[in-house]
Amino acid sequence: MKLESFILFVLFNFLRVSARDDVAVNFIKQFIANEGKPTMLIFNDLCWNINAKVKLANDLSRAGHRFSTSIDLNSDYLYHNLLFLADLNCPNIGSILENAISRKLFGSPFRWLVLMDHSNGDQKGLSKLLECPLLPDNELVLAEREKNGFNMSELHRPSTNHAMIFTPRGYFNGTFVDIRPHRELYRRRKDLMGHALVMANVIQDSNSTQYHLPREDRLQLQYDSITKICWMDVLLVFQMLNVTPQYIFSHRWGYKNNGHWSGMISDVATGRADIGTNCLLEKDRMDVVHYTDTLAPFHVRFVFRQPPLSYSANIFSLPFSSSVWVAIVVCSAVATATLFLASVWEAKLGVSSSQLDGSIGDALLVTMSAVGQQGCFLEPRKLSGRIITWVIFAALMLLYAAYSANIVVLLQAPSNSIRTLAQLAASKITLAAYDVDYNHFVFKRYTDPVRVTIHKRIDPEKGKSHFYDLNEGVERIRKGLFAFHTIVEPVYRRIEETFLETEKCDLAEVDLMNRFLPFVPVTKGSPYVEMFKVAFKQIREAGFVSALVKRLQVPKPRCAHRVSSFSSVGLPDLRPVLAFMLIGTALSVGIALMEVVAFKLCNRRRIHFNPAIFNKN
1 MKLESFILFV LFNFLRVSAR DDVAVNFIKQ FIANEGKPTM LIFNDLCWNI NAKVKLANDL
61 SRAGHRFSTS IDLNSDYLYH NLLFLADLNC PNIGSILENA ISRKLFGSPF RWLVLMDHSN
121 GDQKGLSKLL ECPLLPDNEL VLAEREKNGF NMSELHRPST NHAMIFTPRG YFNGTFVDIR
181 PHRELYRRRK DLMGHALVMA NVIQDSNSTQ YHLPREDRLQ LQYDSITKIC WMDVLLVFQM
241 LNVTPQYIFS HRWGYKNNGH WSGMISDVAT GRADIGTNCL LEKDRMDVVH YTDTLAPFHV
301 RFVFRQPPLS YSANIFSLPF SSSVWVAIVV CSAVATATLF LASVWEAKLG VSSSQLDGSI
361 GDALLVTMSA VGQQGCFLEP RKLSGRIITW VIFAALMLLY AAYSANIVVL LQAPSNSIRT
421 LAQLAASKIT LAAYDVDYNH FVFKRYTDPV RVTIHKRIDP EKGKSHFYDL NEGVERIRKG
481 LFAFHTIVEP VYRRIEETFL ETEKCDLAEV DLMNRFLPFV PVTKGSPYVE MFKVAFKQIR
541 EAGFVSALVK RLQVPKPRCA HRVSSFSSVG LPDLRPVLAF MLIGTALSVG IALMEVVAFK
601 LCNRRRIHFN PAIFNKN
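Take 1 as the starting number for the sequence shown in my numbering and just add one per residue.
Mixed in with the good hints, there may be bad ones.
[What the hints assert, rightly or not] As a list, the in silico DSSO-like pairs of lysine-lysine whose alpha-carbon atoms are at most 27 Å apart:
#1 Lys537 - Lys428
#2 Lys479 - Lys256
#3 Lys37 - Lys53
#4 Lys428 - Lys382
#5 Lys128 - Lys53
#6 Lys444 - Lys504
#7 Lys37 - Lys104
#8 Lys479 - Lys533
#9 Lys550 - Lys524
#10 Lys524 - Lys428
#11 Lys462 - Lys428
#12 Lys147 - Lys29
#13 Lys283 - Lys464
#14 Lys462 - Lys444
#15 Lys104 - Lys283
#16 Lys37 - Lys524
#17 Lys524 - Lys504
#18 Lys190 - Lys37
The set of hints was computed from the structure by calculation and includes no laboratory data. These numbers come from a predicted model, not from an experiment.
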C-alpha cells in the first residue's frame, strides 16, 4: 500500500512538472510569434531539466523558429534577431546577468525574455535583475508565473540614477494577450522624465554666440549659424523627450592628434556631452561617435569669382567663328586680286603720285587699310577700281561694327574655365582658406597630387601662409582672382551684404573634400540613439528643420539679371593686342635691318663691277 502511494505521488509530481513545462514552452512559442519579426532564441545556461529543454527545442523547430544554446556574437548584422531567454529561479542567474552587463547585451538591438516563479519565495534573482542597467533602449520582458499562465511587464530606467519602471506588457493564460498601446519602442519610452542631457556646441566665429545661443534671440546671425540651427532643433527634440537641456561650448570640431581627440568630438566620445553639433563624416570619428541625422546642412568648398574671359581665352578672336574668319580672309584675298588687276590697267593709261602703280604691294596695302578701317593716300582713279575699293570698305565696315559690339560684351563677360579641382589647382588665381581649425587639418589628410598642390599653395613650407578671417576673405573674393576655402553659407551671407548685383553673377564653387552632408554625433553606445533618430525624423517631416535653415542660412546668391556696369580694361585684357604690336614692331625692325643690309650689299656689288662710279666720286 505504501509503495502504491509513493508511486502515485511521484507520478503526480511528474505530471504536474510536465504540465508546467508545457505551459512555459507554449508561452515562449506564442511570445516569439507575437513579436512578428525574425527571431533566434538563445537559452544558454538554462537550468531546466533535459526533458524540458528537448521539448522546447522540438516545439520551436516544429514552429519554424530558430534557436541556439550558445551565444555567438561574431556578426553584428544579426543582432536584431537575438532573443535571450533566462530564468530568475536558476542558481546561476547572477553570473548570467553579470556576463550580459559586461558584454552590453541589455541595450539595443538585443531582446530579453526573463521568467520568474514566486512559488519558491526566492527573490534574489529579481533583486539582481533590478540592479542591471536597463536603460530606455532595452527590450526586456519579465514574465511572472501565475498558476497556469504568465503576467508580463517591461522594465526600464530613464537614466542610470532613476528608479526602475514596471510597465504592463500583457498576460498569457492559454491565450496570448498583448496590451501595449504601441508596438514601437520609441513611442513607449519617449518620456525621459526630466533627465538632463548635455549638448556640445561648436563656436568658431564669435564668442558672443555663448550669450545669444541659449536665448535664441536671433541676433548676430552671421556668427555660428550652423551651431544655432542645431541647438534650436535639438532643443525641440529635448522638449519632445521631456529632457532637461544643458549645454557646453567648444572652439574645435574635433580631430585626432597624437592618438587623442580634441574639441566637440572629444566631449561626445568621453561622455562629457551626449550630443553635438552636426559635423562631417570622418572614418576615424565613426569609431568613437554614432552619427544620426542632418539638422544644419552645410558645404565646405572653395568660393571664388570666375576670372574674366580674357584670363583664359583670346577675346579678340571670339567675336567671329572660325568659318567667318576664313570667309574674311578669302574675301580680302579676292578683293586684293581684283584691285591688283584694276590697278594694272590704270597704270598703263598713266601714273600719278597718289595713284596705284599696278603692283601687288599697293593693292594689298589698300586692302589692309580697309581691314583696319584706316585710310590710304593711294587710291584708284578709274571707276572700276573705285567701285572695288568702296565695296571692300563698306563690307568691312559692317563687320567692324559687329566685331566692336561683341568685344565690349566679351570684355565684361566672366568665363567658365574653372569647374574642377584640377582646373583650380592649375589656375593662377590666389588660393586661401578660412583661419579655423578644420582648414589646418583637412589639407594634410590628402595625398593625391592635385590636393597636395593646393595645400602647398595655401600653406607653403617657406613663405607666408594664406589664411584669412571671414571678412577679409570675402573682400578678396569681391576683388577677383581669389579662391577662399570655407563653409560656404556664412560666406554667402556676407556676400549678400557687401557685393553689388553684377558681382554676384560670376560666383562659383569647387568642392575639395567631396563629402556627404554633416550628421549629428551622439555618444557611441548611447541608450538614446534610436530616440534621437526618430525625433529628428519627426521634426524634419513637420518642417521645423527646413524652416530654421531658411531663417538662419543664406543660399548661394542668384543672378536675377545682369546689369551692365562700367569696368576699366586692364593689361590682361589687352595681352593679345600688346603681343601683336610687339610682334609687328619686331618684324618691321627686322625687315628694315634686312633692307639696310641688302641695300649695302647691292651698292658694294655695283661698285665692284663698275669702278668708274667709284673713280667719279
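Hints versus structure:
1. Lys537 - Lys428: Given that 27 Å is the threshold and the Cα spacing comes to 45 Å, the pair is violated.
2. Lys479 - Lys256: Given that 27 Å is the threshold and the Cα spacing comes to 37 Å, the pair is violated.
3. Lys37 - Lys53: Holds - the C-alpha atoms of lysine 53 and lysine 37 are around 23 Å apart, at most 27 Å.
4. Lys428 - Lys382: 57 Å, violated
5. Lys128 - Lys53: Roughly 24 Å between the alpha carbons, so the hint for lysine 128 and lysine 53 holds.
6. Lys444 - Lys504: Not OK: lysine 444 and lysine 504 at ~32 Å, beyond 27 Å, violated.
7. Lys37 - Lys104: Within the cut-off at roughly 22 Å; holds.
8. Lys479 - Lys533: Distance of about 44 Å is beyond 27 Å: violated.
9. Lys550 - Lys524: This hinted pair is violated, its Cα atoms lying about 31 Å apart.
10. Lys524 - Lys428: 45 Å, violated
11. Lys462 - Lys428: 19 Å, holds
12. Lys147 - Lys29: 18 Å, holds
13. Lys283 - Lys464: With a Cα-Cα distance of about 32 Å, the restraint between lysine 283 and lysine 464 is violated, given a limit of 27 Å.
14. Lys462 - Lys444: Since the Cα atoms of lysine 462 and lysine 444 sit roughly 16 Å apart, the hinted pair holds (cutoff 27 Å).
15. Lys104 - Lys283: 24 Å, holds
16. Lys37 - Lys524: 26 Å, holds
17. Lys524 - Lys504: 43 Å, violated
18. Lys190 - Lys37: 22 Å, holds
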